[in-house]
Every structure is written in structure tokens, then in C-alpha cells.
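Q: Residue numbers (numbering that gives the first Met the number 0), protein chains in the order written: chain A, 0 to 374; chain B, 0 to 287.
Rather than coming from a laboratory, the hints here were simulated on the basis of the structure.
All values reported here derive from a predicted model rather than from experimental measurement.
Honestly, I wouldn't trust all of these hints.
What the hints assert, rightly or not - Residues of chain B clear of chain A, computed beta-carbon distances all greater than 10 angstroms: (1) G61; (2) S252; (3) T260.
To be verified - Short, incomplete list of chain B residues facing chain A, as computed with Cβ under 10 angstroms: (4) A14; (5) P18; (6) A155; (7) P159; (8) P163; (9) W166.
Ideal Cβ positions, reconstructed from N, Cα and C, are used throughout, including at glycine.
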Amino acid sequence: MSGPHYPGLTTLALHVAAGARGIDPAVARLEERVAALEGGVAGIATASVQAALHLAVATLAGAGDHVVAACTLRPDAHALLAHGLRRLGIATTFVDPRDPAAWHAAIRLETRLLVGDVLGHAVLDIPAVAAIAHAHDLPLLVDATLATPFLLRPCDHGADLVVHGAGFLAGQQPTAGGLLVDGGTFDWHAAHARTGRHADLCEPDPRFDGRVFAEESTVGAFALRARAAGLSDFGAAIGTHDATVMLRGLETLGLRMDRHVAGARLVAATLAAHPAVARVDYPDLDTHPDHALARRLLPRGCGAVVPFALHGGPAAADRFLAALAVFGRIDGTGGARSSATRDGTDTIRLFVGLEDMDDLRADLGRALKLAEKGA
Amino acid sequence: MLFDVNGNAAYAFTASGTPAPDRPAIVFIHGAQNDHSVWTAQARWFAAQGHRVLAVDLPGHGRSAGPALATVEQMAAWLLGLLDAARIVRAVLAGHSMGSLIALEAAFQAPARVLGLALLGSTWPMKVSDALLETARTDEEAAIDMVNLWSHAGIAPAAPGTPPGFWVAGAARRLMQRLSQLNPAQLFHTDFMACNTYANGGNAAAAVAAAAVAAAAVAAAAVAGAVGCPTLFVQGRRDVMTPPRSAQALVASIPHARVATVDCGHSMMTERPDDVRMALQDFVRGLD
Numbered sequence: 000m001s002g003p004h005y006p007g008l009t010t011l012a013l014h015v016a017a018g019a020r021g022i023d024p025a026v027a028r029l030e031e032r033v034a035a036l037e038g039g040v041a042g043i044a045t046a047s048v049q050a051a052l053h054l055a056v057a058t059l060a061g062a063g064d065h066v067v068a069a070c071t072l073r074p075d076a077h078a079l080l081a082h083g084l085r086r087l088g089i090a091t092t093f094v095d096p097r098d099p100a101a102w103h104a105a106i107r108l109e110t111r112l113l114v115g116d117v118l119g120h121a122v123l124d125i126p127a128v129a130a131i132a133h134a135h136d137l138p139l140l141v142d143a144t145l146a147t148p149f150l151l152r153p154c155d156h157g158a159d160l161v162v163h164g165a166g167f168l169a170g171q172q173p174t175a176g177g178l179l180v181d182g183g184t185f186d187w188h189a190a191h192a193r194t195g196r197h198a199d200l201c202e203p204d205p206r207f208d209g210r211v212f213a214e215e216s217t218v219g220a221f222a223l224r225a226r227a228a229g230l231s232d233f234g235a236a237i238g239t240h241d242a243t244v245m246l247r248g249l250e251t252l253g254l255r256m257d258r259h260v261a262g263a264r265l266v267a268a269t270l271a272a273h274p275a276v277a278r279v280d281y282p283d284l285d286t287h288p289d290h291a292l293a294r295r296l297l298p299r300g301c302g303a304v305v306p307f308a309l310h311g312g313p314a315a316a317d318r319f320l321a322a323l324a325v326f327g328r329i330d331g332t333g334g335a336r337s338s339a340t341r342d343g344t345d346t347i348r349l350f351v352g353l354e355d356m357d358d359l360r361a362d363l364g365r366a367l368k369l370a371e372k373g374a
Numbered sequence: 000m001l002f003d004v005n006g007n008a009a010y011a012f013t014a015s016g017t018p019a020p021d022r023p024a025i026v027f028i029h030g031a032q033n034d035h036s037v038w039t040a041q042a043r044w045f046a047a048q049g050h051r052v053l054a055v056d057l058p059g060h061g062r063s064a065g066p067a068l069a070t071v072e073q074m075a076a077w078l079l080g081l082l083d084a085a086r087i088v089r090a091v092l093a094g095h096s097m098g099s100l101i102a103l104e105a106a107f108q109a110p111a112r113v114l115g116l117a118l119l120g121s122t123w124p125m126k127v128s129d130a131l132l133e134t135a136r137t138d139e140e141a142a143i144d145m146v147n148l149w150s151h152a153g154i155a156p157a158a159p160g161t162p163p164g165f166w167v168a169g170a171a172r173r174l175m176q177r178l179s180q181l182n183p184a185q186l187f188h189t190d191f192m193a194c195n196t197y198a199n200g201g202n203a204a205a206a207v208a209a210a211a212v213a214a215a216a217v218a219a220a221a222v223a224g225a226v227g228c229p230t231l232f233v234q235g236r237r238d239v240m241t242p243p244r245s246a247q248a249l250v251a252s253i254p255h256a257r258v259a260t261v262d263c264g265h266s267m268m269t270e271r272p273d274d275v276r277m278a279l280q281d282f283v284r285g286l287d
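Please model the complete structure; the sequences and the hints are all you need to start from.
A: The structure is reproduced here in C-alpha cells:
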């Protein structure tokens, strides 16, 4: 027998072509698409929004450094900064995001970034806070999970880094995943020259053979280092399956967000008109203190979360939640199904899904009536 | 690394690596409204192979001080000054777009110092339309968005890109915006005028006599003919900024030149970093 020798079955099954890159195509596609949706330069997919936030902070700050964050961050993010990272030596000062003087006053020499969230409890005045951050040569990171790039592109308004949870991007509650996007807007080199901050990005890195990330990429130094160092160290990468689910979800992002917003508007209006309701904190309502800001930053709507409170306090809130039939009690945002939760206070947060709007209105009406009755 | 050229700080990205004495130095020259970072993929690779690399920031671009130079002739003279400051006697010059004209002109001004000439996304004359020149002058942000759209085969994410996770067209847009921010003094317009007026006496008057055009063509042919050093053209098959068809006369005027074609648009170093690197690699290897 003569002729070419072909590799055996197990060899063929294990090997890839010489030169082929070991990059998961679904993950790479997701990262680039979300970067494009945000108008940024690069994305890094992570195992969760917590992992994305952790990766961002760990890339810029180490022991002895400091973060200034909005006190409105979701509870997990708050806990990460207040407890998890504090144990590792990164301190955080929490401020009222509506108070520019508080942001200013909290910034120290050791501060490395500012962190805010765009929707949820308040609408972050991104241009104003970004101006404060940039005046101190600091980047602003925004958690835009509840807005998605369809409703708001934070980097267009001055933010430099953006994190997302999988929920609305995937359109399914159980999807695990997060995204960290480098907007490419922050000038690390100039900030380093003026203040000495961000040395990890701007000086030779002994870990990487003396590479200087800010020289290699004028606009994407953060993303380069976050991937090379942070993602590698902490390992909270996304799996192929979750990345694929998010990619599929992105295809219908605009359709779903429009419907979420329409439902949330209806829910907010229904609640606001009901005598049992004490207040509704949906920025789309003209009674909300951030209404004008929301009109400016979020012309397509204020997302799917409607926080409100009943006159009857926590007891009425519990009766209301128990009476809901269409709204479920599953944690997590972004899915097609509406849900309701109550934090420690008497504030109820409704996550408005994609159900028939008449059913949502009827469910609310019945639950409000039952909440009133028990009083 | 910073050098001193004519009293101004001149920056060049040198990547990390240990230069081997037998490998030629390679100087990378970016195009209009860009900086050294468009060459990072290629510069890092050649540095790792033992070449000394300098990916320059032209004056007024990125980290190099001083006002942007107004003509390709001045830029070429500056580049030769940088080679002096870096004590590089001879080097391979790789230029992209406007940078390719600078490389060509430097080879004309100092043929003994050029080991090889790699002209990427090149054409001559490198005409810039009046409409684009006017937009660059009056609305730089709009000009950036137009040029960025035209400079990529597509602006859709091309996953998996290089480096991983990067949206190539988005990074290119931010880079041009950053250069505006660092140098608000009409940088794009200055660069475009330099391209537009190269070898044309600086006279961009609309009513150029046919005889003058012919004379300019002869002059450029003289430049190309005088080069006499190994030359490579790298063209983007889908380049609409400097379409391969537009470069036919320039390519024909350097008969010994080789032409490599890459399936991408004008921003070839970031659109197809590996393909461009391999074309350069073959060229540089062939110089020995």
C-alpha cells in the first residue's frame, strides 16, 4: 500500500487546523455585536452582570484604591462593592446619584472609577456625572441592564464603560450572562500623564512581557487589559450556550423592548390613577422628579420596571402580591413573563413582560382591590 | 518611545521584543486622522520576530507634538529626521493611505535609506473630493463618520475579530474621534489637503490646464521610477477610498513592484490583520 497517510479517527476528532484561533465564535460574535449596539470599541462577555462589574473594577482598581458608586445600585452590585471588594482592599463610597456635590466630594486621590446605574430607582444624569468624572480624570461606568442599548447608549452621553445583564438582551429570565463594553471614549494616557492614575494600562506590564496596553490601542486599552488579565484571573467567562441564547435574543431586542415599554406605560398609568396607590416611581410619568431627564436620555421609553407603593404599607403590599395571578414571583429581569417583587421596604417593583396588556391591567385591578379590601 | 525631531517630541510605538542584528528595521506610517495603533497587530508580530519596529505618530497625531504638517514632502522629511533620531540607517517603510505617499516621497528624498517600500491602500494622484474636503473643514465629526463607513468593507461586526471582542469599525471611528479631540486644529482637513495636493505643486485650483496635469504625471512617474527599490502594493479588494483600479497607473509606473490583494476595504491592517501581516512577511523575507 502506498499513498498519503491520513490521521486516525481520534486525532482528527481532537485537532484543529494549524493557525485556527481558539476563540468561541458565538462568544466573539456576541461581544462584537453588543459593542456595536453600544457604539463602543469592544465587548467582553462574562458569566453574569456581577462578573462584568467585578471585571471592570478589578481591571482599574487594586488594594488601596477607591470607587465612588450610586447608592441606587441593585442589591447584588451594592453588596459586591460594599463588602466583597472591600475585603480585598477596594473601598467604595456610596452617594445619592442626583447630588452632583456628593459625587464631587466623594472623589479622592485613590479613586479609580465612578459607577452608576441608569434606571431602576432613579435616572442617572449621565452627562452631568460623566463631566464630574472626567474633570477628575476618572472614567464613568454605567450599569445599563434595565435600559439595554435599544433604549439608551450610555457612551453617547459621556459614559466610558457599560455593563449589562443577560436578561433583556436574551429575552429569557434564566439566561446567565453579562457584558462589559469599552466605549473607547476615555483617554487613559492623558489621565495617567496628568494624575498618575491608571498606571496598569499606561505603563509596561511585567506580567505581559512589558506590554503597554494604552500604546497598543489608543482607544481600547481597557478592553485589552480586562481580557488579558482580569478575565483570565477570575475566569468568569460565558458559556457557548448562553452566548448563543443571547445572540438569538438580540435579534428581537427592539421589538421586545418596545412592547415592554408599552406595557410598563400602561401599568404605570393604571397604578397612578388608582386610589389605593400612594406613589408610582416610573420616570415616564410627568410627576416623577427625573421625568425631564428621562425624556432627554430615554426618548424611546423608561424600561420595564415600575416601582410603586400602596397606601396600606407593607401589609397591603403583601396582600397585593399574594393576589396577583398573571404577574409571577420569579426573580430576574428581561423575560417575557411579568413579575413582582418587594424589597425590604413597602416599595413593590413590577417587571412588565410581554403578556396581553388587557390581562395585565385586569390582574392589577383585581390585586389592588383585594389589597384595599383587607385594610 | 519618544524621540526628538526638530525640537518636537516624536512618538513611535516600538512593541516589545529583542531586536536581532540581521533583521531589517520596519517603520510603519499611518494615514489621515489615524495614529500608530492601526499597525499594532503587524508591529507586534514583527517585533516578536526580532525586527526593530517603529510605528510612528505623525506630528499633530496622537502622541507626537507640534502642528500637523501640511504637505507629504514635509512629512517625508520629518520621517527621515525620525530615522536619524532613532539611529536607523536603513529601514523598510510601510505606509498606509496618506502614509504610503509619505513612504514613497521619503524613498525619493533619500533612496539610500529605504530597503523596501510597502504601499498599502495607495493610489496616485490621491484625490479627495471637494465635498469631502469641505465637510472635513466644516464638520469634522461628520467627515469621520463618512470616511469610516467608506473605509470598511462592512461596518457589521466581523467576528471573530482581532483583537478578540473588538468591533473593528467602531474602534476605527473612536480613534479618529480621539485624534480630533487631541488636535482640534482641522487635522483631517490638513491631512486630506496633503493627500490631495501631493506632487501637484500645492495648487488645487479647479481650472488646471491639461498640460499641467500631464507635467504632474511625468513628475510622479519620475518619483516612482527613481525608487528602484523592492516595492510591494497591498490592496483591499473592496477598498472604495483608494480602489485598486485607481492605482493602476501608479502600480504600472513601478514595473518591478509586487501586488498583494486582501479581501477587505481600506482599513486593511485592522480589518484583516493576519492577511496584511502575511503579505508584509513574505515581502520582508524576500528582501534578504
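Q: Work down the list of hints and note, for each, if the structure agrees.
A: Hints versus structure:
| no. | hint | result |
| --- | --- | --- |
| 1 | G61 | violated, 6 angstroms |
| 2 | S252 | holds, 35 angstroms |
| 3 | T260 | holds, 20 angstroms |
| 4 | A14 | holds, 8 angstroms |
| 5 | P18 | violated, 14 angstroms |
| 6 | A155 | holds, 7 angstroms |
| 7 | P159 | holds, 4 angstroms |
| 8 | P163 | holds, 6 angstroms |
| 9 | W166 | holds, 4 angstroms |
Checked against the numbered hints above, the structure violates hints 1 and 5; every other hint is satisfied.
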